[in-house]
Each structure stands twice: as C-alpha cells, then as structure tokens.
Amino acid sequence: MTYRQALHDTLRAELLRDEDVLLLGEEIGVFEGSYKITAGLLAEFGPRRVRDTPICEEGFVGTAIGAAMLGLRPVVEIMTINFSLLAIDQIVNHAAKMRSMFGGQVRVPLVIRTPGGGGQQLAATHSQNLEVWYAHVPGLKVLAPATPADAKGLLTAAIRDDDPVLVLENLALYNTRGEVPDGDHTVDIGTATIRKPGTDLTVVAYSRAAVIALDVARRLEDDGISVEVVDLRSLRPLDRDTICASVRRTSRAVVLEDDWLSYGVGAEIAATIAEGAFDYLDAPVRRVAAAEVPLPYAKPLELAALPDAAALTRVIRDTLDATVPPVRSAR
Amino acid sequence: MTYRQALHDTLRAELLRDEDVLLLGEEIGVFEGSYKITAGLLAEFGPRRVRDTPICEEGFVGTAIGAAMLGLRPVVEIMTINFSLLAIDQIVNHAAKMRSMFGGQVRVPLVIRTPGGGGQQLAATHSQNLEVWYAHVPGLKVLAPATPADAKGLLTAAIRDDDPVLVLENLALYNTRGEVPDGDHTVDIGTATIRKPGTDLTVVAYSRAAVIALDVARRLEDDGISVEVVDLRSLRPLDRDTICASVRRTSRAVVLEDDWLSYGVGAEIAATIAEGAFDYLDAPVRRVAAAEVPLPYAKPLELAALPDAAALTRVIRDTLDATVPPVRSAR
Amino acid sequence: MAEPSPTSAAGPVTLDEHGPGDDAEVLRGYYRQMRLIRVFEQRAAEMYTRAKIGGYCHLNLGEEATVVGLMAALRPTDYLFTTYRDHGYALARGAEPARVMAELFGRASGLSGGRGGSMHLFDAQHRLLGGYGIVGGQIPPATGAALAVAYRHEPGPDCDAVMCLLGDAATNIGAFHESLNLAAVWHLPIVYVIVNNQLGMGTPVEAAAGEPELFRRGCSYRIPGQRVDGNDVLAVRKAAHAALEQARGEHQPVLLETVSYRLRGHSVVDPARYRSDADNQRLRELDPLPAFRTRLIDTGALDADAAVRIHAEVDQVIAEAVDTADRAPAPAVEALFDYVYATPVANTDHRLPGDPVIDPAVPR
Amino acid sequence: MAEPSPTSAAGPVTLDEHGPGDDAEVLRGYYRQMRLIRVFEQRAAEMYTRAKIGGYCHLNLGEEATVVGLMAALRPTDYLFTTYRDHGYALARGAEPARVMAELFGRASGLSGGRGGSMHLFDAQHRLLGGYGIVGGQIPPATGAALAVAYRHEPGPDCDAVMCLLGDAATNIGAFHESLNLAAVWHLPIVYVIVNNQLGMGTPVEAAAGEPELFRRGCSYRIPGQRVDGNDVLAVRKAAHAALEQARGEHQPVLLETVSYRLRGHSVVDPARYRSDADNQRLRELDPLPAFRTRLIDTGALDADAAVRIHAEVDQVIAEAVDTADRAPAPAVEALFDYVYATPVANTDHRLPGDPVIDPAVPR
Ligand SMILES: Cc1ncc(C[n+]2csc(CCOP(=O)(O)OP(=O)(O)O)c2C)c(N)n1
Ligand SMILES: Cc1ncc(C[n+]2csc(CCOP(=O)(O)OP(=O)(O)O)c2C)c(N)n1
Ligand SMILES: [Mg+2]
Ligand SMILES: [Mg+2]
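From first to last, the protein sequence lines stand for chains A, B, C and D.
Residue 205 in the numbering used here sits at position 205 of the first sequence, and the numbers go up by one each step.
Residue 118 in the numbering used here sits at position 118 of the second sequence, and the numbers go up by one each step.
Residue 40 in the numbering used here sits at position 40 of the third sequence, and the numbers go up by one each step.
Residue 252 in the numbering used here sits at position 252 of the fourth sequence, and the numbers go up by one each step.
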C-alpha cells in the first residue's frame, strides 16, 4: 500500500470510529486534497465532518484549537509546512501553551497534518523543511513517519492523543509503498526504531531521509560495510536512548536530514550523540544536510543543494576511514 | 552607558545620518516604546520618520519589507520576539527569500529589532527565546548583542547592511551598563568574540547568557579555574572557527543558553564543537538551557525552569572533573 | 453615541428598559459587582507596587459597567473568551476573588494554578476559557469553540453561545478578519464584543483603524454590528442579550461594540503621560460607578446607607481575598513538568537546567 | 454585473468609452497582447506536459482581457506586485517572451535567473516587483512599496502608484485586512486589484467569503471599491486608470474587482473535475478573446486578414521564444550561493551537502 493510501485509510477509519473526529483544511473536500489524501471523504462523511476552509491558516488552525478545547478531535491539513508559518502563532503560542498555562484545566486534542520537503522544483517558499522549529517547542508532539506502516501507526496514535500533535508528511513519500498492518495499528509516540541493524556505523534520519538512509545501508552491505539505520519517527519527544545505545555499539554516526545544516534537526542529534556516547565515539558525527540557500527552482541548482544518497555514501566512507588520532599528542 | 541608551543613541544617529532610515513599530512614537528605546525620537524626527503602527505584525513587517525593496532602510521594532510569530511568514518566506528567488534583482535592507528573554514573570507566551528559528534560515542575518558596545556596533552594522537582519535584544539587558565607543562604531557581522581568555574550559554563550557566563568565569578565577568565554554575537552567520579554535585550546566546552535545550542554539554549538574539535575534546560538551516547559508565571517555577549562574557553575565543575575513560576498554 | 448601525440586525429586543426581574435587588447586585471589580483592581494595583504581583497587570478600571453588563447577559452554560484584561470578567462570572487574587500572586490555589498570572485567567467550572495575552489570539479559538457548539447543537433557544471579547486595537489584526469570515461562512453561534476603551496602549482608535466606527467592521462578512454605551450597565446587558439570542437562535455571528474609557494607564506600570490633565479630568467625570449609583438612588433602588453597606461588605470581601491569597502556597517546584502534556508518552523531557541529556544513572 | 458600489469613489473618469488615442491600432495592439498571452500559456501547458517546466504552473487563460486592461492603465514608472499567476502580466508589462519562457524552463537567462520559476517572475527594469506564491504574501510588501512612494512623493499627477494584484480567495486571509487597513490610515498610493476568477482552486467565492461581493470589502477601511467586467479589456483599463489616478493624485488607496473566469484548472496539472460539462460549455462562451475579436471586427478596427496576420505573428514570436528558451543554458552550479546575501559578511555558509562544518584544510 502507498503512504498516501495509508494516510487516507487511517483518516477514514478514525472518522468511522469516533464521531468527534472531523477534518478541516483548504481544498480537502470538493478538490479532494492538494495531494489527494482526503479523496472521497467528503462524499462519504459530508461537510459536517470534512470541512473545506477559506484560505486563512491562522484562522482555521486556531478554530480547530478552540474546537479541540471543547472536546472535538480536529485533524487539520495544512497544505504544506511552508504555509504553517501563517498559523504558527496559534500552534506555538496557543495550542502548545494552553494546558500548562491554564493549570491543566484544558486539553487540546488537535492533529496537524502537513507535508514538507523539497526536490519538486517548487522553489524557495514551497520547498522547506521547518519541522525543527516545532520540535523545539514543549507542549507539542512532532512525528515524522517514513513508511506507510508508520504513517498509519503514528497518525492513528496522534488522533487518539489528547495533546496537539504535528504529523510531518513528505511530498516525496506519498507514492512510496510498503506493508501496512491491518486493523488497529498504533506506534508509540516518542519512540525511534532501528530500520536495519549494523555494526560499523549508525545513520540517524527521519521521514524521506530515513528511506534514503536505508537504501544506502543496503547497498553498502555489498561492500561489506555494516550500517545501522535509526529512524527517529518522533522528533519531540526525542528517543535519545535508542540513538545513543546504537552509537555506543557502532562507535560512529552520521546524520542525514533534508533541512538546512545550521540549527537543523541534525544539530540536536549530533549534540545528543556527542554527549550521550562521548566515550564510545571513534570519529566525529558528521551531518549530511541541505546547502544553506533558499532552494532555487532550476533543477541543477536544486539537485546541488539537496542531500542525496551519493553524499551520504561519501560521508559514511569518510567517517569509516577517519581514525582517532592520539588525543594528547595532537596538541 | 546602558544597553537601552546605546540602542537609542544608535537609532538617533542613523536617523540623522541617513534620510532613508525610518522607524516603524507599535507604540514606538507617542508611547515612546514599550521599553522606551525610542523615547524622544518622534518628537525629534516627526511621524514621517518615526511611525506608530496599528497592531498587525504581519502587516507592518511586510510593509517594511516592501519599503526596503524600494530603497528605504526601515528599522522595525517588534515589541517582543513572541509576537514575531505573527510576522514570520513575511520574515522567512518573503524577506529572506526575495533576493535569491528573484535572481539578485532586489535588496531588502531591513532591520528587525526585538527583545527576547524570560525571567520577568510574563508567563508562557511572553517569555520565549525563539532566535534559533531565525538562525536556521539562509537569507537572514541574526545578531545578539550582549553588551552596550555591541548593541551599538551591531545595530549600526545591521542598519547599514543591505540584507534583512534580525537584532535580538533582551529584556534583562536593557538596564545593564558598559563602556560604549564614541562616534562611528560598527562590529563585523558574523564574528564572535572572546570576552575572557582562559585555559581550562570554554563557555559559549550569547545575549544575556554571555553576561552570566562572564560573571561566572570571573568568579571561578578565584578558585583557580580558568574559563574562556566566547560570546557568539552573531548566530547567523555563525563564527565556527572562533568557537572551535577556543575549544582546541581548552579541550572542554559548556554552552549556556536561555532557550529550551532540545533543538536550541546550543545544539548547533555542541554539534559544531564535537565535529570541529573532536580530536581535542577531553569531556562531553554539556548544555545548560531552560527546562522544556511553557514558562510558568509563578516565580518559584520560573526560577526552577531557567538556567542560571549556579547551574552553569555546577556543570563547569562536573565537566572539569570528568576524565576521558580509555575508549577501547569501555566497550 | 449609539448611532444605529446600517447593518444592525440586533433583532426584536425582548427586554424592557430594565429587563425582566429588574427589581431593586438585581440592580443593587450589579452595583455591588461593579464596586467589587473596582476595589479588586485598586487593591491589585497596590499589590503590584508592593511586588506581590509580577509580570504585566492590566486593569478593568473604567470598564466595570461593560464587564457586569456583558456577564449579566451570558448564561452559565455559555462560553467566554477574553483578553489579558480579564480580572473583572472572572469575578463577574463567579470566580472567588481569593482565587483570582491568588493567581495574580502566583499561588497554587490561583484560578490557573499560578501558572498563568494576571493575563491568563481560566475557570473551566464557569466556562471562562481563558484570558489571552497575544492580541487577537483568542479570536480563532473562540470561533472554534462556536464551531464545536454548532457541531453538536441545532440553532434554538437552548443552544449554547460563545462570547469573544477583544479590544478596539485588536480589530486591526489578521486574526480578527479571518475569524469573523469563518464565523460568517460557517454560521457559528458567537458574539464578538469589541470593548472599545478608546486606546490601544497609547494609540487612539482613529490612528489605528481605517473604519473607526468599529461596530461597522462586520460589513466585510455581512455580520450585523451594533454599538452601545459601555458605561451603561443595563444598555450593555440588553444589547449583549439580544446579540446572544441571535447567535444561539440562528447561529448568526454578531459584532457588538461597547464604548467606555480606560481610567488608568494601559497596565499598572504605565503612567499614561500621553494623556493631558484635561483628558484625565474628563475621564473622572465619565466614571461609570458614581453615575450608576446616582441613577439607582434617583430611582429609589438604592439609598445612601445601602450604598455604604455595600462598600463596606465589598471592602471586606476583597480584604479577605488578599489575605487568603497571601497565605496560599506557591506551586511546588516538583510540579514544574505537570500539565505540559495531557497524554503521557515515552521520552518526554523532564530535565532541569544543567542536567545531562542522557541520565548517567541509566546503565550503559 | 458592475453594480456600482455604495462606497464607490472612483472619481471623475477622464476617459471616454475607448479612451484617448484609441485608434484602431491601439485596439489591435490589445488584441495582439491578449493573443500573445493566450498562445504563450497554451505552449507553457504543452511544455509542462513535456517536462520542460517543473513545479507548479498557473495560467492566465481566461484572464487575458483583465491582464491587458490592467497593464494598459499602468505607467512604466508604476510598480506592480502579482500573484503566482503571473506570466501574462510579465508579458504585457514588456518582458521578452523568451525570457519569461526561459524562467519557466529554469534557465539562467530567465526573468528571475531561473531561480524563481513560473510563480516568481521579477523584472526590475519593468518595475514588476515579483510574482508571489504565498497567497496574500505580496499584499504587505506592495503596501510597503506604496509607503516608500509616499515617503518620497507628494500626491499629484506625477506621483508613482503601486498596483497589487490578488485573487478572490486571498481576500479571506489576514494579510489582506492588515494591509488595506495600513494603506487607509497612512493614505498610501496603491490600487488593490482583486482578480476574481470565481474560484480559489476548487472553492467558489460564495463558499469562502462572508461578503462575496468582494469589491465591498474595502468597507472595513473606508476604502472605495468598484467592480468591473474583467472580460472587457477597455472597461478594465478605464476603471484601473481612474483608480490609479485617485491613488497617485490623492494618496487614496482603492479596491478594484475584476470579474472573469478561469478557463482551465487551477494549475496545469488540475483536471478541474469539480466542474461540470455545463460549466465548461458556459466558460467557452465567456472566452474574452473571440468576444473582443468580434467587437473589433464589428467596429471595423480589425478585419479577418489582419486577425490572421496577428495570429501568425504571435505564433511565430512564441515559437521563437520557446526555441530561444530551450537553447539557453541552466544556471551554473558554481553560482548556487549567489544572491543569498547582498552584503558579504564573515563566515557565511557555502557548504555543499556532506561537507564538514569546518574546512579540514584550514590549519589547526
Ligand atoms: C500580537 C501582539 N502584538 C502586540 C502586543 C502588545 N500589546 C499588548 S496589549 C496591546 C494593546 C491592545 O489594545 P486593545 O486591543 O485596545 O485592548 P486594551 O488593552 O485597550 O484593552 C498591545 C499592543 C501583544 N500582546 N500581542
Ligand atoms: C498561504 C497559502 N495557503 C495556501 C496556498 C495554496 N494555494 C495556492 S493558490 C490557492 C488558491 C488561491 O485562489 P485565488 O486567490 O482565488 O487565486 P487564483 O488561483 O484563483 O488566481 C491556494 C489555496 C498558498 N499558496 N498559500
Ligand atoms: Mg483599547
Ligand atoms: Mg480565484
């Protein structure tokens, strides 16, 4: 089943399961969704449960927050994460704060689904990966499924969770395929998973990058290089134990991320490893991330700016070649 | 002179120097500024140069962007960084993108001044440190002066720079005092500075945290502990060479930051050190940051959640006590 | 002042001048509430200067008639969203003065557990769904609360309604536009009340709003608007009641503007230098409390002795509230991480500043 | 359709039905421009399906009369901000078709150096200050451009003006409200043009806007509004000219709504299934090009042969534009970091994916 289908079926299943679940977003009804995740749902559930909104990200996300305060379980689609900037005050200054700031008197069971990712020649304003901003914010939960199975498991968990959860999708993953468990399937929020065990080096990634990492790891097997792939799945909470435990075994780590290097998700991963596995590291933790430019439209420039399998492979090999120089004599 | 006075005098000097410079913001005129940075400027320069705006952060920041596109040099005050979330689409999707996305045909000489910081019992929505979000974005320059002299030098440089620059101020610094050079004084954007040389350990910090770090470093001298303090001053670009060169000398580092630990500024600093000074590190790079909660109003909770001199001192001592276990045998 | 709106559709007003049950006791009750708010705010200002209260502290001084009139029109089952200028609303809605003051003092017994402070009063029991410190920030959630009501209830006399308060200056922010538009296209049972106190901090309405007759700003959504004298508690109650009836009866959003005056600075620390002595003199004359007292005495609903008794009783209540609040304990530091999340999940961060990212105690 | 706005203040219209200098040649010129846009867009759609163009591609098909009428009213010295549906405006403003097509192809010779693509056409020479892909995102900067003009020029016939285009659905977003309010309170020389093509993607105006007569939405700022038939190039030019005169002459912002129809899907890839065959049939009848051609032929401004010649010449121009664009080189990868900043400063990041954070070459 595709990642898209898994999301669609999950939304449908939750709409059937719980009358308090409703969908809101631009073009999710009549237009069936910019990326067709909600295809057919308006026809099946009607405009009360599947609500097209005017173009007003701040307004409809804030409206979903208020509906959640009264016990509904809105699942909002923001067409792409780039447009979430218009709603970020409602997400960060309101949804994330209310429960704590109001002394635990209210819950905000809100889910925000939104795809990120570049590589589609959508240019600078439509190609960003800004999930790190949300991952920085206590009060939010931030999930990033890489597989159809996790798309189902994490979205289901998010909808049943009583806190605001941002579910990061990815334009490049919608058509990817994978096994999806039938029936009720949830994945524990806050847990990373090891996609492939390995002994020589750990690659940490999430979303589209996790798929690339797995692919690279498989190919490197043929060269006798054993790479372990950790898929974060959850950016907040972050499963530091799984990351550090892996690196303590492999003693080397590389991060693959689609966002810009400086202050990106990989910075936290590298810092966590450098602290949590300090005594075990045989080489510096390198990050493979996007070049720090507003992503250009022209294909050659876009390709040059985005991280890919080749860059990851190169850095993995460099890291394995790097040896630990005798620390003292180095000074 | 106070940090507030340095900012005020700099704005006045630039208004006098360049007819294209104008100030925009809520309550900067008649009210003389929420924090009185612009006191007296409306009276002196009139409403054409010093413009009170309605409450519409997205509108007036975007308006300043358009004015900058035509060659004016607007200096916008956003009352606190918390409200910048309402303007972030204009800052990140517009100001930061335009020059590059439009093939170099336009410049956006815009300055956004805004204070961050907690500790004033302003509660969760009014106490944030979100500069890391902006520091992540190519196309922006992000500065964070810690002293009155740098407030003058960096703000002057920002106003004369042809790119969008965010100048992060801090509520807790406005009344702090320090020497300020007379006449024309600019600080190079993108350069960190060593506030105090030391040999045992490097503390990296910026804004209010740099002041605390310097204070702690001075006090530790008495205990014979020699701490070097690196004040970043510029978060984007980030002066990685100065940071890593310092740690290569001291072989130990601690980051002090006012934002939340996960995915905060310190993550990038720690990741940079762990990669750029890997062979020289004798202990893990620890981060002293805020507890990951929406900041509560109640004073005891607020104090418990925010990093302070005591926590920094404790972590510095821990780091010095930490020794490097023989790496191989550890596994 | 209350020139009728061209778009006004406030509908048939079912209340007579005073409204049903407006015997002297009800009127005295309004006066007492107004007085209670007045004294509470004066004590709050005093406590702020004595550093019992921190952060920002915005008072309802001058808005007592508006506060009491609006709250009198609201049913206990209706939902209320306010701005950060919220003390009076919490009191009039029925919250204990001691718990409101305790919130300002940052105590565990405070209305929001001491975590929100003056700007963020929340009282689930009385359906006060929060004071909000981001200007305009409460408008989309209030609209969403109305969506939840409409999702569950047909229009009709028994339908709940939502009241969303905002300041005059908040009508210039995008959230106002987006929310009213949504309420209009979705037919939501909500009354937006613009509490026009003439100023946003130091900025007069005319300097900030292209259409300074704010009740007309519903025109962009075909939302009927009406303006009422915010210094007249009964006029406010009447207009608010009519608006709420329309909201619950037809799921028709309504825009109501109350016009009153901010007697002091924007917040306790603002000396309001931008106001002339003449302004201040004029303001004292517009004070709604003496005006309402005189009116009640003239109509025989109140006599001098009764007024004195009310004042004494109110002073007493507030004095006790201050004492009770002052004796209340602050939240325990151990409770720092409470309420960050409602549903516990793995690996939530519970680190204090300086703690390592990985608990060294965890066996490797 | 163009029922006069109650708030209309479009002022004395100085143009007669056709306007000065409307000899046959001018009219044929408009027809040629409309045809040029039509053919350009058709070829663009074709090039998209042939994968010469990537990303999103939004066409002006059906809006040719609006585009040409608006651009005819604009002076070369006026400033223009558009949405992502911008090809026609760039062409009518005077940009070379080859450079517009080259931008769609992502070539270095493109109007934005190949970095912006279809949605982000910018032409400093012709004062086209950008196509913008964030709905409503262009409105505040356009307002700021008007602020810069007002900062430097008194109101008067020689004052520059700014024209800001937006779609019907963009009137529901906060930036629209905040910007018009600022333009009103600051008296800025700007004309906001709502290009109402009846739909935002698949959403009809009535489903999205509380006041679907969009030209009335200036009411919240006392900004005069007017609606004009967007299929009538001369009516559009006339209304836009009057609005621009008011903007430059009085620094009075104006809201103009042009009503036309989107002949195809939202973007090239949208099959527009949400439209019925009846809709599509009706749309074909509303096509502004045949209508204008007939009108010109009836008035004798054009004859069949001339029309054929124009079509042939336009086909030729666009064919050459496509060839030229196709032969043009893409930007060099070495230029990746160009234009990120205007003022070079220390330590700017020029790392490619996978590069170490500290150049190992740098001596330690
Ligand atoms: C988005 C945002 N911008 C600015 C502020 C700072 N601020 C707090 S109150 C206020 C004035 C609001 O005036 P009004 O809406 O009339 O309400 P009033 O204070 O008069 O009750 C401002 C500018 C804020 N809290 N939020
Ligand atoms: C802030 C934002 N939200 C959503 C989108 C996705 N989007 C692109 S165009 C569009 C419809 C806009 O319709 P309209 O304003 O009528 O312009 P038209 O496309 O009809 O010319 C939408 C929803 C966007 N680009 N920006
Ligand atoms: Mg006010
Ligand atoms: Mg449209």
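Watch out, some of these pointers could steer you wrong.
Below, in silico cross-link-like pairs of lysine-lysine (DSBU-like), each with a Cα-Cα straight-line distance of 30 angstroms or less [as the list claims (entries may be wrong)]:
#1 K196/B <-> K52/C
#2 K299/A <-> K36/A
#3 K299/B <-> K36/B
#4 K299/A <-> K52/D
#5 K52/C <-> K36/B
#6 K196/A <-> K52/D
Quick look at which bits of chain A chain B covers, simulated, 3 or more residues with Cβ under 8 angstroms [stated by the list, open to error]:
#7 107 to 116
#8 123 to 130
#9 277 to 291
Hints in this document: simulated from the structure, not taken from any laboratory.
Please read these numbers as outputs of a predicted model, since none were measured by experiment.
Ideal Cβ placement from N, Cα and C applies to all residues, glycine included.
Results for each hint:
Between K196/B and K52/C, the direct Cα distance comes to roughly 39 angstroms. Violation of the 30 angstroms bound is thereby established for this hinted pair. For the hint pairing K299/A with K36/A, the CA-to-CA distance comes to about 25 angstroms; that is within 30 angstroms, so the pair holds. A hinted pair counts as satisfied when its Cα atoms are at most 30 angstroms apart, and K299/B with K36/B qualifies at roughly 25 angstroms. A threshold of 30 angstroms between alpha carbons decides the hint, and for K299/A with K52/D the separation of about 11 angstroms falls inside it, so the pair holds.
Distance hint between K52/C and K36/B is fulfilled; the C-alpha atoms sit about 25 angstroms from each other, no more than 30 angstroms. Pair hint K196/A plus K52/D does not hold up; C-alpha atoms about 39 angstroms apart against a cutoff of 30 angstroms. For the segment 107 to 116 of chain A, the stated coverage by chain B is violated: 0 residues have a C-beta nearer than 8 angstroms to a C-beta of that chain, whereas at least 3 were required. Beta-carbon proximity to chain B at under 8 angstroms applies to 4 residues in the segment 123 to 130 of chain A; the threshold of 3 is reached and the given coverage holds.
Here the segment 277 to 291 of chain A counts 10 residues with a CB under 8 angstroms from a CB of chain B, which clears the bar of 3, and the coverage holds.
Hints 1, 6, 7 from the earlier list are contradicted by this structure; the remaining hints agree with it.
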